[in-house]
Structure formats: structure tokens, C-alpha cells
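Undergrad: Residue-level listing of the chains:
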Amino acid sequence: MSGQHHGSSAISERVRHVEALLEARGLVDAGEIDRRIDEFLAGGSPANGARIAARAWVDDGFRDRLLTDANAAIREVGLTMAGGLQEQRLKVVANTEQEHNVVVCTLCSCYPIALLGPSPAWYKSEAYRSRVVRDPRGVLAEFGLELPADVRISVWDASAESRYVVVPRRPEGTDGMSEEQLAALVTRKGLIGTAAV
Amino acid sequence: MPDRFAPGDAVRTSTADPVWHTRLPRYARGAVGQVVELAGHHPLADDRARGRAGTRQAVYHVRFAAADLFGDGDHAVTVELWEDYLEPADHQPPGQQGGTP
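Chains as they are written, first to last, in numbering that gives the first Met the number 0: chain L, 0 to 196; chain W, 0 to 100.
These aren't lab readings, by the way, just hints derived from the structure by calculation. Glycine is no exception: its CB is placed at the ideal position from the N, C-alpha and C atoms. Be careful, since some hints might not be right.
As the list claims (entries may be wrong) - Derived Cβ-Cβ restraints for the label pairs, each shown as a range:
no.	chain 1	residue 1	chain 2	residue 2	range
1	L	P170	W	G70	19 to 25 Å
2	W	G29	L	G172	43 to 49 Å
3	W	A48	L	E86	18 to 24 Å
4	L	I10	W	E36	21 to 27 Å
5	L	V14	W	V18	21 to 27 Å
6	L	R34	W	P17	43 to 49 Å
7	W	E36	L	A81	20 to 26 Å
8	L	E22	W	A88	46 to 52 Å
Claimed, not checked - Interface residues of chain L toward chain W, partial, derived using beta-carbon atoms under 8 Å:
no.	residue
9	R88
10	L106
11	P147
12	R151
13	V154
What the hints assert, rightly or not - If the Cβ cut is set under 8 Å, some of the chain L residues that face chain W in the computed set are:
no.	residue
14	W155
15	D156
16	A159
17	E160
Extracted from the complex, chain W is given alone in its bound form (with noise of 0.2 Å):
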């Protein structure tokens, strides 16, 4: 399966909150950041700690500015997110589909 997303994508962060394991810092999801940069292809941490193989996916350099996640803060935080953790910025997430104004 190619690559869904390519450097200068803005990306949100799924806003999912599992029981199992998973390799999405808390502090990082529902937020909209840009990828930077393509970290190679591994399979999904969240099924390898469930015992499971795990399909190869793309694995990307996210970089958010820290008010962004944080509320305040001139840095910013670059983590690396398996795809599965994304979508598109423009992607509404559940929930939050307004009607029309």
C-alpha cells in the first residue's frame, strides 16, 4: 500500500484513547501537526504488544508546535507517529461534524 502522507501534510492525531499499548504520546492526541519527514516503514506497536504480527506501515516525523498541544509555548515537538495514527488536518474528527451555520 503506498504511503498515505508526504512531508509539508498537515496531519491530525487520532483522538482514540485504547486500553492495549500504543506508541501516541496522550499529550499528542487530537492535535494538528505537519509532517516533516518519512521515518521508515515498521508495523504497528499497538498489535505487536497485542501478540500480533502487524501490517508494515508508514512511520512519519511529525512536528507540532508546542501551543498546539499545550495551550502556550514558543517550541516545538516532533514525534514520530505510525500512519495509523493519522488523518488528513482537514478530516473533522467524530464527533465534532457541525451542520451548517
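Looking at chain L on its own, in the form it has when it is part of the complex (with noise of 0.2 Å):
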């Protein structure tokens, strides 16, 4: 398995002699690159999942289609995850009284940026990257989610092209709370499964 993703001046330093070579050549103009990021990341956070997972539990039929094709769904609540250089595909899960999702990618750290903002250092370690698909009721734990044992736990390895996010349980004693104070309960740990809401 590869290191650290981030902190690596070899790394960084190989980076800048790459984007150097691009533009003396001429294939991406001085700072363009820079630019693409910064609007890429602009846009994204945890803001934006917590709305999807709020307008799920208000709304069955919302639900119905995040879970069944999220990126259409999603754009009802004008969000997109064509924000990037192609459009990724989302797949949405959601937690049930007896199923309980978590998301990790072990090959590297593919996360949605679009819906979660930049991700935590945790998410990118080897130790939870490694452990939480062996163990993930051990490493939940150890994140203060004890879960109870008739509880399924489903871990989704983002290996390939699409990204995940999950939707948590509505917590009780929420009923006459509004779509948006819904949404302000909603975590960026609970959108990834290693917390519940």
C-alpha cells in the first residue's frame, strides 16, 4: 500500500517540475492548474451532503431516488458531481435499524470532494484505509460508535470510477424539525459512516 498521500516534499517538488514542463511547453497556461483546483474545491462541503441526507428523511420519494440513481436525484437540489473534469457517478446508502454503512477507499482516498469538502487526514491514513475493512465494528469503536452486534455492517471500497456517500439514521425526537435544522445535524463522519448523527 502507497504512504501518505500528503507532506511529501519528493512528491511536491516532482509535482512542480511536471506542471513546469506543461507550461513551458505550452500545454496548460501559468497557474491554470492551480485555478481548476481552487474552483473545484470551491464549491465542495459537507454542507452540500447534509442537505441531501435531510432531504431524505423528509422525503420518501427523494430518498427512493438518491438511492437509486444519485446524480439525478441530486441535481433536485442543485447539486452536481460534474464538477470535476467529467461527471463521477454517486452512489448514495443509506443506514437502516439494521444495516449500518461505512465508506473507505483502500487503494488510495477517491472521496467526494463535491459533497464532503477536502477529506480528513484520517480518512487518507493507512491505518483506516487498512483496518476498517478487516474490522470495521473495531475501528468504529474506537470513533465512539459502538454499534450494536445484530447490526450489519456493510464497508463500500471506493476502488473504482464511483464515489459514495452515506445517508445516516434521523435521530429520534426530530419530528418538528425543519428540512434545514435537519441539515445542521448532519456530519461530515456521519456522511461517511464512521459516526452516527
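Join these two chains into a complex; the hints should help.
TA: Spelled out as C-alpha cells, the structure:
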């Protein structure tokens, strides 16, 4: 398994060298890559994922469409997975009383930046990536999420082209809350599956 | 080319250990799982990583029982795999063809 993605000055140097070559050969304009990355990151926030989860809690029809064709469903709330070079396929899975979902990328750290913002450092760590597929119940317990023994756990490895978001279970006692108030309860960890809401 | 597998099919993953980049995680090699969903069509990552255009082929969500991957565990792991990584589960992998008993 590869090491950490970030903090390696050797890799940073190589990236800068490749960027300089691309600019020298006229393949990209100076600063274009930074601009594209900034544009891509600007719209990405866990608030987007939270809106999706809250809408799924209040609207069963939306929830069904989300679980069937997430790319189409999120357009209903003004969101898209098309912010990068191509539209990425989104797969949304929902926690139930019987089943809890958790997302990882064991090969690198693929992650739906448009809906969750930049990924947390632990998501990219080798410890999380290698251990959560093998012992999800133990890893979730370390995150403070103790699941009852009869709750099945499904781990989703983002090993190819899809990106994943988990819809957490709606908390008890939230019947009177507005969609906006509900969205404020949803955390990034909840949308990855390493916390309840 | 039509997709080779459909949801519900039992598939066995490749045991090959290529020297190049591949998107078949090591822990899921040589394991039997079930196709749960088609996840679109994409060029094989192994080809793209070697500078080749790669032909588009089906990519599937394949669900494995943890016990089949690791020998223990009661959870499931769903991995997204290109068609080239998969064979029908009843296909005997190379080197494991037994003679008649």
C-alpha cells in the first residue's frame, strides 16, 4: 500500500516539475492548474452532503430516487458531481435499524469532494484504509460508535470510479424540525459512516 | 460488447498479481462474491495507468462476505471491479483444475 499522499516534499517537487514542463511546452497556462483546483474545491462542502441527507429524511420519494440514481436525484437540490473533469458516478447508501454503512478507499483515498469538501486526514491514513475493511466494528468503536451486535455492517471500497455517501439514520426526537434544522445535525463523519448523527 | 455479468451473478476475482497499477485490491484477489449492481462503463484502470487508451468495459459493485475475504468477520465488503478482473464463480481458476476423484 502506498504511503501518505500529502506532506512529502519529494512528491511536491515532482509535481512542481511536471507543472513547469506542462507550462514550458504550452500545454497549460501559468496558474491554470491551481485555478482549476481552486474552482473544484470552492463548491465542495459537507453542508452539501448534509442537505442531501436531510432531504432524504423528510421526503421518501427523494430518498428512493437517491438510492436508485443519485446523480439525477441530487440535481433536484441543485447539486452535481460534474464539477471536475467529468461527472463522477455517485452511489448513496442509507443506514437502517438493521444495517450500517461505512465508506473507505483502500487503494488511495477516493472521496466525493463536491459533497463532503476535502477529506479528513484520518480518511487518508493507512491505518483507517487497511483496518476498516477487516474489522469495521472495532474501528467504528474507536471512533466512538458502538453498534449493537445485531446491526449488519457493510463496507464500501471506492476502488474504481464511483464515489459514495452514507445517509445516516434520522435521530429520535426530531419530528418537529425543519429540513434546514435537520441538515445542521448531519456531520461529515456521519456521511462517511464513522459516526451516527 | 454486451456486459458479461448481471446483478445476482456469482463471480470469482482474478488471482493475477500484475507488476503494473491495478484497481483490484490485494485483499479481494481470488475471492467469490456476488454482483449487486452495474456501476457504469469505464476504460480499464490498468491500461490507463500504462498510458494506453483502454477499452471501455463494465464496472460492477461486487459484494463479498468478510469471512470469504479474511477467514473471519460477519460484515460485508463491496468492491467496485472492472469486468476483466472477474470470471464466473463456477469457472476453475488456473492451477486448481483437479482430476476426477
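Undergrad: A separate judgement is required for each hint: does it hold in the structure or not?
TA: Consistency of the hints with the structure:
Distance hint for P170 of chain L and G70 of chain W: a CB-CB separation of about 37 Å, inconsistent with the stated range 19 to 25 Å. Checked against the hint of 43 to 49 Å, the C-beta distance between G29 of chain W and G172 of chain L comes to roughly 48 Å, which is consistent with it. Roughly 22 Å separates the CB atoms of A48 of chain W and E86 of chain L, a value that falls within the hinted 18 to 24 Å. Taking 21 to 27 Å as the suggested C-beta distance range, the pair I10 of chain L and E36 of chain W does not conform, at roughly 35 Å.
For V14 of chain L paired with V18 of chain W, a C-beta distance near 24 Å keeps the hint of 21 to 27 Å intact. Here the CB-CB span from R34 of chain L to P17 of chain W is close to 36 Å, at odds with the stated 43 to 49 Å. About 21 Å separates the C-beta atoms of E36 of chain W and A81 of chain L, a value consistent with the hinted range of 20 to 26 Å. Here the CB-CB span from E22 of chain L to A88 of chain W is close to 50 Å, well matched to the stated 46 to 52 Å.
Interface restraint check for R88 of chain L: the shortest CB-CB distance to chain W comes to about 5 Å, inside 8 Å, so the restraint holds. For L106 of chain L, the shortest C-beta to C-beta distance to chain W is roughly 6 Å, which falls under 8 Å, so the interface hint holds. Of the supplied interface hints, the one on P147 of chain L is violated, with its beta-carbon coming no nearer than about 13 Å to a beta-carbon of chain W, more than 8 Å. Using the Cβ-Cβ criterion of 8 Å, the hint placing R151 of chain L at the interface with chain W is satisfied: the shortest such distance is roughly 7 Å.
At a threshold of 8 Å, the smallest CB-CB gap from V154 of chain L to chain W is about 5 Å, leaving the interface hint in force. With a least beta-carbon distance of about 5 Å to chain W, the hint placing W155 of chain L at the interface is held under the 8 Å criterion. Because the smallest distance between the Cβ of D156 of chain L and any Cβ of chain W comes to about 5 Å, under 8 Å, the interface hint for this residue holds. Interface restraint check: A159 of chain L against chain W, minimum CB-CB distance 4 Å, threshold 8 Å, status holds.
Checking E160 of chain L against chain W by beta carbon gives a least distance of about 5 Å; that is within 8 Å, so the hint holds.
Against the hints set out earlier in the document, violations occur for numbers 1, 4, 6, 11.
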